[in-house]
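There are 2 protein chains.
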Amino acid sequence: MRIELEKATELIREHDNILILTHRNPDGDALGSGYALCRALQSVGKNVVFRYFEKIPKVFIQLEDCCSHAEFEPSFVIAVDCADSKILGDSPEMSYKEKVDLCIDHHPSNTLYAKYTCLDENAAATTEIILMIARELGAEVDSLTATAVYIGLSTDTGCFRYSNTTARTLRMAADMVDAGINAGRLNRILFETKSKSYAALEAMALSTMKKYFAEKCAIMYITLDMYEISGTDETEVHALSALPRQIEGVLVGATIKESEPGRYKVSIRTNPPVNASEICQIFGGGGHKRAAGCEIHGTLEEVTEQLLKAIEPFVKDVEAE
Amino acid sequence: MRIELEKATELIREHDNILILTHRNPDGDALGSGYALCRALQSVGKNVVFRYFEKIPKVFIQLEDCCSHAEFEPSFVIAVDCADSKILGDSPEMSYKEKVDLCIDHHPSNTLYAKYTCLDENAAATTEIILMIARELGAEVDSLTATAVYIGLSTDTGCFRYSNTTARTLRMAADMVDAGINAGRLNRILFETKSKSYAALEAMALSTMKKYFAEKCAIMYITLDMYEISGTDETEVHALSALPRQIEGVLVGATIKESEPGRYKVSIRTNPPVNASEICQIFGGGGHKRAAGCEIHGTLEEVTEQLLKAIEPFVKDVEAE
Numbered sequence: 311m312r313i314e315l316e317k318a319t320e321l322i323r324e325h326d327n328i329l330i331l332t333h334r335n336p337d338g339d340a341l342g343s344g345y346a347l348c349r350a351l352q353s354v355g356k357n358v359v360f361r362y363f364e365k366i367p368k369v370f371i372q373l374e375d376c377c378s379h380a381e382f383e384p385s386f387v388i389a390v391d392c393a394d395s396k397i398l399g400d401s402p403e404m405s406y407k408e409k410v411d412l413c414i415d416h417h418p419s420n421t422l423y424a425k426y427t428c429l430d431e432n433a434a435a436t437t438e439i440i441l442m443i444a445r446e447l448g449a450e451v452d453s454l455t456a457t458a459v460y461i462g463l464s465t466d467t468g469c470f471r472y473s474n475t476t477a478r479t480l481r482m483a484a485d486m487v488d489a490g491i492n493a494g495r496l497n498r499i500l501f502e503t504k505s506k507s508y509a510a511l512e513a514m515a516l517s518t519m520k521k522y523f524a525e526k527c528a529i530m531y532i533t534l535d536m537y538e539i540s541g542t543d544e545t546e547v548h549a550l551s552a553l554p555r556q557i558e559g560v561l562v563g564a565t566i567k568e569s570e571p572g573r574y575k576v577s578i579r580t581n582p583p584v585n586a587s588e589i590c591q592i593f594g595g596g597g598h599k600r601a602a603g604c605e606i607h608g609t610l611e612e613v614t615e616q617l618l619k620a621i622e623p624f625v626k627d628v629e630a631e
Numbered sequence: 311m312r313i314e315l316e317k318a319t320e321l322i323r324e325h326d327n328i329l330i331l332t333h334r335n336p337d338g339d340a341l342g343s344g345y346a347l348c349r350a351l352q353s354v355g356k357n358v359v360f361r362y363f364e365k366i367p368k369v370f371i372q373l374e375d376c377c378s379h380a381e382f383e384p385s386f387v388i389a390v391d392c393a394d395s396k397i398l399g400d401s402p403e404m405s406y407k408e409k410v411d412l413c414i415d416h417h418p419s420n421t422l423y424a425k426y427t428c429l430d431e432n433a434a435a436t437t438e439i440i441l442m443i444a445r446e447l448g449a450e451v452d453s454l455t456a457t458a459v460y461i462g463l464s465t466d467t468g469c470f471r472y473s474n475t476t477a478r479t480l481r482m483a484a485d486m487v488d489a490g491i492n493a494g495r496l497n498r499i500l501f502e503t504k505s506k507s508y509a510a511l512e513a514m515a516l517s518t519m520k521k522y523f524a525e526k527c528a529i530m531y532i533t534l535d536m537y538e539i540s541g542t543d544e545t546e547v548h549a550l551s552a553l554p555r556q557i558e559g560v561l562v563g564a565t566i567k568e569s570e571p572g573r574y575k576v577s578i579r580t581n582p583p584v585n586a587s588e589i590c591q592i593f594g595g596g597g598h599k600r601a602a603g604c605e606i607h608g609t610l611e612e613v614t615e616q617l618l619k620a621i622e623p624f625v626k627d628v629e630a631e
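Sequence order for the protein chains is S and D.
The first sequence maps to residues 311 to 631 in the working numbering.
The second sequence maps to residues 311 to 631 in the working numbering.
Hint data in this document are derived by calculation from the structure and do not stem from the laboratory.
Hints are supplied without guarantee of correctness; some may be wrong.
Since the list can't tell identical chains apart, any single copy or any two copies may satisfy a pair.
As the list claims (entries may be wrong) - Calculated lysine-lysine pairs in the BS3-like style (CA-CA distance at most 25 angstroms, straight line):
1. K599 to K506
2. K521 to K506
3. K396 to K619
4. K619 to K506
5. K520 to K504
Turn these sequences into a full structure, and let the hints guide you.
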C-alpha cells in the first residue's frame, strides 16, 4: 500500500527495535539513506540497526563507522532505496524479502513489495525523503548524518549535474553544508579522484575509440587483457561507459567489454532522440532511454560489426535534439 | 575605495547610461556577471550595455543574445569579475582602464583599481554578488537572467564540486532553478560534452602519462604535433591540466605543453600538502597553492628531467594530508 510521508513517520514513531536494509551492491544513495535514517532514529531514542551484506566501494568506507551497532530481534523492518524485493540485500541467516514493513524509495519502478511504501518519484535521491522524515520526527541531523544525506544527494545527481536535480535537492544540500559537512573534501573523494587502475584502464579504453556514421556513433572496447594489465575490477568499469557519448555530436556511444573469451557485454548510452533500450532489445537486452545494455557473442570484430549494423538505422538521417 | 553592497546599489541607482566591462578572455562567471547585471539594470529602466571584445568559448554562445544593445555615451562604468585593470577587456576605440567607476568582484587579489570596489572574497562566483545587487534594486530575475547567474555559479565551482561552494551558492542555484532555468541541459553543455578535437587530444595526452617517486608524481605531455593532429586550439587545453592530479595517491600532477619548438609551458596541480606555486617559482613562474604554471626551455626529455629534479624534494618522504 502506498502511504504519504506523514503516515510513514507515524509508523516509525510507533515502533522500536527497527532493522534497516537496502539493495544489493549498495551505492551512495543506498548507503547514505541507511546510515542517515539509522542515526536519525537513534537520536530520538530508538533501537535501530542498519545492515548490508557486501563489500562496498572504497569511496564510501568513510560512512562505515557513522552508525553504532545494536543486537535485537527486529519488530519493524524498513527497506530504503530498494525498488524490488529481488534485489534486497538480505541476511545470510534469514530472509526478510517477504517481511519488509516499510519501503522508502524514489524509483518509479518500485514493485510495492513492502506492506507500506513511501515513494516519491520526484526525489533526486532517497536521502531527500529520509531527511524529510528525520525532520518530521524532530531527529537530530548532526554533521555525520548530514554527510550521509549529502552523499546520497550528490552521487545520485552526478554532483548536481543531472536533470533530476531540483531546487529542493540544492536547498537540502545547502542545509547539509550548514550542518557542518566538508563538502569540498567529500566531492574530491567522490568525483575528483580516480584509482590508479581506473586511470590506466581509462587511457587504454580511450585509445581504442573509433567513430562511425558521420561521427554520430562512437565505440570503444575493453578486453580481458586490459583489465589484467591495469589491475581493474568490474566495480570500477561502470563510469567508463559514459565517455563515448560525451563527445560533441555523438548520438550513440557504445562500450564493448569482454566478459570471457568470445562473450562481450555492451553498454549503450545515447543522446536524444535515440533510444538506447531499443538498440539493446535487438540483442535481447534492455534498460532505459538514455542507458541500456546487452550481451553479444563472437570475436571482437564480429561483435563490432553486428553492433554497427544495429545502430546504423538509429543515427542515419537523424539529428540531435 | 572598498564599499559595501548597499553603497554599490545606491551608486547604480543614481546613474543612467551604464557601460559594463569584464576581463579579457571572459569565462562563464565573467560573461554571466556581465549579462546578468545588464539585464537586471534594463529591467529597472536603465540605459545599459555589456561589452567584451574577444571570441568567447563555444559553450557560452547561448548567452550572446540574452542582452539587447544600446548606443550612448556612458556616464558610469562598471567592471565585473575583473581583478586588475591590466586584464580589463578594453574597447579598441578608447581605453577605460583608468575610468572604471565601480568594480564588482570576488577575487582576493583585486588591485582596487576602480574608484569604488565592491569585493566579496567569500562569494564562490561574482554572479553571487550580482544577484544580491539585483535583489536590492528590485530588478526582475527572469529565466534568461537566472541562466546567466547560474552559469557563473556553476562554472566557478566545477558544478558545485569545489570547496569554494557555500550554502549560499547552493541556495542561489536553487532560486535560479525556481526562476525557470533548464539546469540539466545547461550542465550537459557545460560539463558533459567534449568537443571532438578535445576528446582526441585527451586520449593522446593520457597515453603519455608516466608516474614517478612511488607514484606520487604523474606527468603527461602535449606536443605541437598532437595539437595539429587533433585540431585543438589553446582555449580547449586548460581542462586537461586537471587530469594527472586526479589519480589516487598523486600529490603533484604536471602537464608539459609545447608552445613552440624548444619551449614548454608547464601546468602544475597539487594535492595538500604540496605547494604548486613553490615548484613553479624554481623556474620563474608562480600561481596558487593548488594550481600554478611556469615555462621551461629545452627538449622534451630535458624539460622532463629538470622538472623531476625540482619536484623530487616536494614528494620525497611526504604523505598526502
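How the hints compare with the structure:
1. K599 to K506: For K599 and K506, the Cα distance is within 25 angstroms only across copies (24 angstroms; inside one copy 32 angstroms).
2. K521 to K506: Result: close only across copies, 10 angstroms inter versus 27 angstroms intra.
3. K396 to K619: Answer is neither; intra-copy 35 angstroms and inter-copy 57 angstroms both fail.
4. K619 to K506: Only across copies: K619 and K506 sit 23 angstroms apart there, 36 angstroms inside one copy, limit 25 angstroms.
5. K520 to K504: both (24 angstroms within a copy, 15 angstroms between copies)
When the structure is compared with the earlier hints, a violation turns up for hint 3 alone.
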